[in-house]
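S.K.: Spelled out, the chains give:
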Amino acid sequence: MTVSSLSPSTAAHGRIDWSPYLVGAGIGVLSWVVFVVVAAPIGITTAVSQLSGGLAVPLVGAEAVAQNAYWARHPMRLDYGTLFLVGTFLGALASSLAARTWRLEQVPAVWAERFGPSPLKRYAVAFIGGVIAMYGARLANGCTSGNGISQGLQLAVVGWVFLAVMFATGLLTAFILFRQPR
Amino acid sequence: MFPMTGTAALVLAVAFGFAFGWLLDRGRVTHYDTILNQFRFKDFTVLKVMLTAIIVGGVGVLALVDLGLVKMAVRDANMGGVLLGSALFGVGMVLYGYCPGTGVAAIATGSVHALVGAAGMLVGGMLYGFNYPWLKDTVLAWWNLGRVTLPDITGVPALVFFAALAVLAVALFSVVESRRL
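The listed protein sequences correspond, in order, to chains H and A.
Residue 132 in my numbering sits at position 132 of the first sequence, with consecutive numbering throughout.
Residue 2 in my numbering sits at position 2 of the second sequence, with consecutive numbering throughout.
Note that these hints are calculated values from the structure, not bench results.
As the structure is a prediction and not an experimental result, all values here were calculated from the model.
Just so it is clear, CB atoms sit at the ideal spot from N, CA and C, and this is done for glycine as well.
Hints are supplied without guarantee of correctness; some may be wrong.
Claimed, not checked - Computed from the model, here is a short list of chain A residues facing chain H with C-beta under 8 Å:
hint : residue
1    : GLY17
2    : GLY21
3    : ARG26
4    : LEU67
5    : GLY68
6    : ALA119
7    : MET121
8    : LEU122
9    : MET126
10   : TYR132
Unchecked claim - These stretches of chain H come out as covered by chain A in the derived footprint (C-beta under 8 Å, 3 or more residues):
hint : segment
11   : 29 to 37
12   : 44 to 58
13   : 101 to 110
14   : 120 to 127
Generate coordinates for the entire structure from the input sequences, incorporating the hints supplied.
M.R.: Now the structure itself:
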């Protein structure tokens, strides 16, 4: 038995997890429902970038944000995408509370095994990763949800190019980060 | 009746998001370790969830389109932005340990580093907004194929793609399951 399989999260999860195939099928069925009922494919990052526009207001002024070519089209407001984001947060919160798996996690086991227990180190890399992931998601016009799943399931070229390229650079990054030091 | 708009759609947005967040957590993809171990080929949970979602979702949406109940919502394949953006996204996702959706869900389950990374996402979104006036005439305007699908560019019917995907998925997952990954 490896160290990570003894960690509290894994041990706790052994009891309550759903099969990943069931979860995937659930997301698939959810996408049928949203296509029919609201004609809005599942997506996350457009709402996040609208929030970024709101955050930019104190920095550059409301006028500059309103006149920005991007935020003029995607102003911060309580719209469908933003409320879907709120729902995603609430759903994961409810799931972890119901399963009694909610716990503060500063440094995950896989990270700690390779880079040690320092929270600051993890925070710094998570922050930089967040900046890069979001910038990339906007350039590509969607993230794993909006491009990978919602465009992928429509067999859109944009979805499959996204999946192939992001897995490739992700694998390369993981290889560099986690290769065994000689 | 459908598609719904206005207040009804806003209420449903929370409900649909709730189901999505619940599923992500029950699938363990709200955990850094699950996501990172996919990229290290030590755990195939992420691929199992995503491929199943794409096949189940895709076949259903295809049937709904054929029945005339829904319209496709295919986005532009503006390859300049997509290639550069996807490449950056893969790097960022592995450094962060989450994608934007699983990151938001992870915050709700108590991940402090997911919260710090989400602050980074807001900064990334801000940088993009500031750069957009320049990007839209350069990177985003390069090599736009329009709203094309794989069946459009290959002439192969969508059902054949899904059948092939299903065969590939079953083959991959039977190997993965036999090795308990």
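S.K.: Go through the numbered hints given earlier and state which of them the structure violates, listing their numbers in rising order.
M.R.: 4 and 5
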